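We have chain V already, so just place chain X on it with the hints.
Same order as they appear, the protein sequences are chains V and X. Our numbering numbers the first residue of the first sequence as 89 and each following residue consecutively. Our numbering numbers the first residue of the second sequence as 1370 and each following residue consecutively.
Bear in mind the hints are in silico, worked out from the structure with no lab data behind them. Remember, it's a predicted structure, so these values are computed and weren't measured experimentally. All C-beta atoms, glycine included, are put in the ideal place defined by N, C-alpha and C. Some clues are possibly wrong.
Stretch by stretch, here's where chain X covers chain V in the computed footprint (C-beta under 8 Å, at least three residues) [stated by the list, open to error]:
{"#": "1", "stretch": "124-135"}
{"#": "2", "stretch": "204-216"}
If you only want the chain V side, here are some residues facing chain X, beta carbon under 10 Å, derived [to be verified]:
{"#": "3", "residue": "A180"}
{"#": "4", "residue": "D183"}
{"#": "5", "residue": "G197"}
{"#": "6", "residue": "K222"}
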Amino acid sequence: MTEAFASEFIPIRTPTDIVTARRAARTLCERLGFGKADQTRLATAVSELTRNVIQYAREGSCQISDTSDAGYRRIRVLVEDHGPGIPDITLALTDGYSTSGGLGAGLPGTRRLVDDFGIESAPGLTRITIALQKPL
Amino acid sequence: MKIPILRLGRILLVSIQDDLTDNDAMQFQSDLVERVAEIEALGVAIDITALDVVDSYMARVINDTACMVGLLGAEVVICGVQPFVAMTLIEMGRDLLGANCAFNLEQGLEILNRRIATRGDIHIDEDEDD
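Pulled out of the complex, with its shape left as it was, chain X reads as follows:
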């Protein structure tokens, strides 16, 4: 299964809509990292509203992906962690999901835009349409 990566200018949106197998999760990780590098994305929002189970493996994939994307130079926010997923993750181990989070995609995008603005490299956006 391929997870669609949507582009909004220099921001990428990924919404994980289905229960992923481990292989899907690894595929998602490499697809996203490649896409971020390809368009030199300034921000990435990963929406996991639809995930009702995030085990330690999936948490690690999400965390690692966020770190990788960060290493490339993009801002990352994880959106829509479900309340019971949050409870389960903390019960299992405190540091399983350490990335920046937002309630939903809308708030996530606001956070990304604000962070990108304070970085001061937003002028890169102007080259976007050439």
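Isolated chain V, as found in the complex:
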């Protein structure tokens, strides 16, 4: 048996925490038996989301959890911050749109990498959830 419901909470305060978070994501992915492609996808997605935290909200957190059940092996990641929020989510999910002078690939790109993508945002609380899963 795998240790079910393994979960890791990583505070995101400095750019070094981005590296810590994406490594943790990869490690859990690997431990749960996801392939290299999925490990890379999840690590990259976590890297994008935690960088947004540093860039737009200065600090926040990243929780990486094993939420596998009888049918699926699943990793869920919750990235949360108390920053200004995303004023227009539809626009933020549009390819090429960026308020920071970036490429605008971060959020829409991340959404394409994962199986599930949820976003809620208001001033003071932004929560983005992503999940990667495969049938057992």
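Here is chain X on its own, set in the frame of chain V:
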């Protein structure tokens, strides 16, 4: 963390061996651009074999660095993009990494040497040892 920049005549080799923080990446960019200008490098090979995550930020730093070095007058090749990194980058967005690539450092060097030879300014090499 400082990334070593190796010199082989008028060619510079950089091998990114570790997972870089954003600050390391910016430091790498300015170190490399300065070094290229300093020795008037004709070619630069950037080896990213060891990078198992290249997100949109890192892709942009690598691309920008390649363009900057190109503006100075050097040829650039990116070596060793990992298969899963390639897949992830294309899934995220088509144009994230647009520079010239090679499988490995050896092929990258061949490409650089060939490109430098066709440019016709290889005679500059002769001044190298003075």
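Violating hint indices (sorted, rising): Hints 2, 3, 6 are the ones this structure does not satisfy, whereas the remaining hints hold.
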